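Take the given structure of chain A and dock chains B and C to it, following the hints.
Residue numbers (the numbering used here), protein chains in the order written: chain A, 1 to 292; chain B, 293 to 599; chain C, 600 to 985.
A hint or two may mislead.
[Said to hold, decoys possible] In silico SDA-like links for lysine to any residue, alpha-carbon gap of 20 Å or less: (1) A/Lys60 / C/Lys803; (2) C/Lys974 / A/Phe121; (3) C/Lys803 / B/Asp419.
Simulated from the structure, these hints should not be mistaken for laboratory data. Note that the structure is a prediction, hence the values are computed from the model and not measured.
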Amino acid sequence: MTTAALIHVVVSGLATGSIYALMAISLVIIYNATRTLNFAQGEMLMISTFVGWAVYQRLKLPLLGVMLVAVVGAALLAWAIERAIIRHAISATHFDVLIITLGLSLMLRSAAGVAWTHDDFPFPSFFGDRPMAVGPVRLAPVSLGIIGASLALMAALWALFTRTRLGRAMRAVAQNQRAARLMGISVERVYSASWVLAAVVGAIAGVLIAPVIFLSSKMGIVVINGFIAAVLGGFGSMPGAVVGGMLLGVIENLAPLYLPSSIKHSVPFIVLIAILLLRPGGVVGRVARRKV
Amino acid sequence: MRRAALAIGALALLGWPWAAPPYFVFLASLIVVNAIVAIGLNLLSGYTNQLSFGHAGFLAVGAYTAAIVATRWPGVPVVAPLLAAALVTALVGLALGIPCLRLEGLYLAMATLAFGFVVVEAILNLDWLTRGNDGLRVPVAHLGSWALAGDRERYYLVLPVGAAMVWAALNLARTRTGRALLAIRESEIAAQASGVHVARYRALAFVVSALYTGVAGGLFAFVVGFLSPDAFDVFLSVDFVAMIIVGGLGSVPGSVVGAAVLTVLHDSLAGFQNYRPLIFGAILIASMLFMPGGIASAFRFLKGDRV
Amino acid sequence: MKAMLAVLTAVVVAFALAPASAQQGVTDTEIVLGCSNSFSGPLAFTGEQATRFGVDLYFKVVNDAGGIHGRKVRTIYYDDGYKPQEAVANTKKLVEQDRVFAIIAPQGTPPVVATLEYLEQNKVPLLFPFQGSPVTRGRKYVFSGMTLYDRQSKMMIDYLAGPRKYKKFATLYQDDEYGKAFLTAFEKDLARLGLKMAAAESVKRGVTDVSAQMAKLQAAKPEVLFIVLTPGPGAQALKERQKIGWTDVVMVSSGPLTDERYLALAGDAAEGVEGLSLWPDPVASDLPAMRLYREQMQKYFPKNEPNRYSISGYFAAMLFTEGAKRAGKNLTRDSLIAALEGIRGFESGLLPPVSIGADHETQKQGFWVRVERGKFKQLTDWLRSD
Chain A
1 MTTAALIHVV VSGLATGSIY ALMAISLVII YNATRTLNFA QGEMLMISTF VGWAVYQRLK
61 LPLLGVMLVA VVGAALLAWA IERAIIRHAI SATHFDVLII TLGLSLMLRS AAGVAWTHDD
121 FPFPSFFGDR PMAVGPVRLA PVSLGIIGAS LALMAALWAL FTRTRLGRAM RAVAQNQRAA
181 RLMGISVERV YSASWVLAAV VGAIAGVLIA PVIFLSSKMG IVVINGFIAA VLGGFGSMPG
241 AVVGGMLLGV IENLAPLYLP SSIKHSVPFI VLIAILLLRP GGVVGRVARR KV
Chain B
293 MRRAALAIGA LALLGWPWAA PPYFVFLASL IVVNAIVAIG LNLLSGYTNQ LSFGHAGFLA
353 VGAYTAAIVA TRWPGVPVVA PLLAAALVTA LVGLALGIPC LRLEGLYLAM ATLAFGFVVV
413 EAILNLDWLT RGNDGLRVPV AHLGSWALAG DRERYYLVLP VGAAMVWAAL NLARTRTGRA
473 LLAIRESEIA AQASGVHVAR YRALAFVVSA LYTGVAGGLF AFVVGFLSPD AFDVFLSVDF
533 VAMIIVGGLG SVPGSVVGAA VLTVLHDSLA GFQNYRPLIF GAILIASMLF MPGGIASAFR
593 FLKGDRV
Chain C
600 MKAMLAVLTA VVVAFALAPA SAQQGVTDTE IVLGCSNSFS GPLAFTGEQA TRFGVDLYFK
660 VVNDAGGIHG RKVRTIYYDD GYKPQEAVAN TKKLVEQDRV FAIIAPQGTP PVVATLEYLE
720 QNKVPLLFPF QGSPVTRGRK YVFSGMTLYD RQSKMMIDYL AGPRKYKKFA TLYQDDEYGK
780 AFLTAFEKDL ARLGLKMAAA ESVKRGVTDV SAQMAKLQAA KPEVLFIVLT PGPGAQALKE
840 RQKIGWTDVV MVSSGPLTDE RYLALAGDAA EGVEGLSLWP DPVASDLPAM RLYREQMQKY
900 FPKNEPNRYS ISGYFAAMLF TEGAKRAGKN LTRDSLIAAL EGIRGFESGL LPPVSIGADH
960 ETQKQGFWVR VERGKFKQLT DWLRSD
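Chain A on its own, in the form it takes in the complex:
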């Protein structure tokens, strides 16, 4: 295989990796605030992308408008779910919240199937598929566009977390909930804000990836890779989530090139198990000690 082909494969992996990173970030946002996992994150991405698409079909909005609709839809959905369901269970064991979000993911996927069938649909893209030649290397604008847009979003998130009151409140809650409360931060509001923010990130990821993997009730499955990415980066760490996502995307694409077909599909999971066993704190994080 030529170097040019290899570069294309790696860039393509970075593009899907950016999406994994965004999924990982949205999982981490909720985890940091509430110490629970949202298994429905992938299905929320899927529903908001569908909502954007449905409006696009009706009104023929420009793509930026579609993204806006998806983002608003995601925010409303997340807010409603958090207020109506999660808030009531937050005092219960974490297992209960886990099961609730699992139930939600089943419901959302099924509801999408009822509303729009389980078919795959083409989705409009900001970027083209026709390759651009950079020397001998061919790069697809769609891959570069996804990477660029994701990096921009990550930068915006970074600004949000470091420069705004809300962001600082979220970080405070992540570090120590009781202390945050004592400092006058409304922890409940941070819960809601985290759900909404995570859903917004997911919706943008959905609109970016839908032209590549197509819009369908099944597309929420990317959440599994989001989990792996988050663990790779050390669950709870935002920069870790970004690195983990990119790493996973590249590993996933390089594995079929160099490994026998019999194990290549297990690679993400083997990597996950290996990381958990060797460096549970993630590839970039510190090793967390188990509290006894």
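Positioned in the frame of chain A, the structure of chains B and C alone reads:
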């Protein structure tokens, strides 16, 4: 009184295949299989707070082991494939459990989730052994010259095994091991301070849990009669978790009830076609919101016990 | 405990009182059919289309016209989510509780194979399953539906290596029984002609990126690349080819993949793709029978688009109706099977005349198409595989 109730219960269970239509006999066998898995999972999650999303993987290991043994040695008494399933799965449980000792909560859930995927991939790729994607037909179970070919016969295989597993789990609480596990459930620190070797017992819980699920897998193979990797996806693991949470964490009767409720629910919702997951998800959420401790705690509450 | 006994008694009584008719699932006014199918899981779309919008569409037409010998057809479907154990449970429920006459149009190799033995033992006809693995061949109570994969492979290889004179082939296949069965059949058919598969790469269900597989395949420099995938990943492969500018290869899609939805997903990346088509175009074909199907779909399910999955269920119901009509007023499972076996040269208007012989295969043909300006253009007449 209690003894009389037990006797009537046992009689009802034994007489079930003669009273119920054949389909319900099959369904009852499935309930027993799921109940064994639920008990196994509950020994892990309910006692030592280690949540597993990979029990479909253990079920697959048990099912394929039993099916392969029964295929290689046709006519072998059904005890052999079941024992093999128990043993192999327990070993796999040990292999997974020891390294997982340093993980907890979320991380353990992730590791077991990944384990489930790896098992399915392994089944796909060891196709000389498992027939991979084509699926594996499970031969009829034999007990001496008696071929367990019908749903009724298979029920009489599944029932006593299930009863023995329930009995063992109930009595576990009375043994030294059981008390150690209970102590760990209440407080790991306190248990450690009282001289309980926490790590060892956590690993043991993993092995016992895998063993239970392996036996259930062996029974599953004979009851269903056909195995393919598609049978053991992550949603099956989720179902098992739902069973113990709906039934009640840390409760053996709760596991059985949870398994029965979810199996019957799955079955009765099949006719709703594409609305099935919608309804199933709604019921899961509702039961978590309104019955957070599961059915077991609802019972305790009704009986006036402190929850 | 009393309640439990009462339930037990009720169950026993209900069972004892179940009507003992001449033939299960057939009364003077009704025929009951059913199947376990995917309404959730990876093949949910296909399952719903084949049953509720395919089989049911044709039976609605038949029922509104008075039924079959005065009997209306009623269907029952259960969701198995593509899991074999649930397919077994559902099928037992259909046979033992709902007392269906026959199983019609279930889907997917693992779920269907899981129920084969049970249905054979209980002598329940298994009609036209939507799956292509040859395991269903040669069974008394089973009639296959889709053109079996080994026949599709034979037609594809014979055509490409014969009139088209290609010599170097590669395959991109889905890592499941559908993909593997095709790959095995391709390799066998190539060996028959003294050729070998130059490269084969697999893709996992629900994949997000196929660039690595395509790069590897391109490095093997095949003349023809077979794509044995589902529509989503299939379209991704076509787009990937466009991204890497790989032009000197003929992309050929398998029979189950060659459909309009896959074209719609791939957009202009589908231009020039060839494939084996198992059905005339359900959206654009001018065949009178196809136009009738579209009109009926418009009438009964105005919101549902015509497609190949519903047409395959529609055709299954049509074949059942033909068999049940021929079996006459005294419809039993054995008379249905005898009647189906007696079908010779049946004109469906959709496919070439259907003759069902001892092999119980109802479809054995396909024709070659190429995508030109976003539409399938027919390149050959019906190709036969026998």
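| field | Agreement of A/Lys60 and C/Lys803 with the hint, judged by alpha carbon distance not exceeding 20 Å | value | 34 Å, violated
| message | Holds or violated: C/Lys803 and B/Asp419, Cα atoms, limit 20 Å. | response | Roughly 16 Å between the alpha carbons, so the hint for C/Lys803 and B/Asp419 holds.
| message | Check the hint pairing C/Lys974 with A/Phe121 against an upper bound of 20 Å on the C-alpha distance. | response | With Cα atoms ~17 Å apart, C/Lys974 and A/Phe121 stay inside 20 Å; holds.
In this structure, the one hint that does not hold is number 1.
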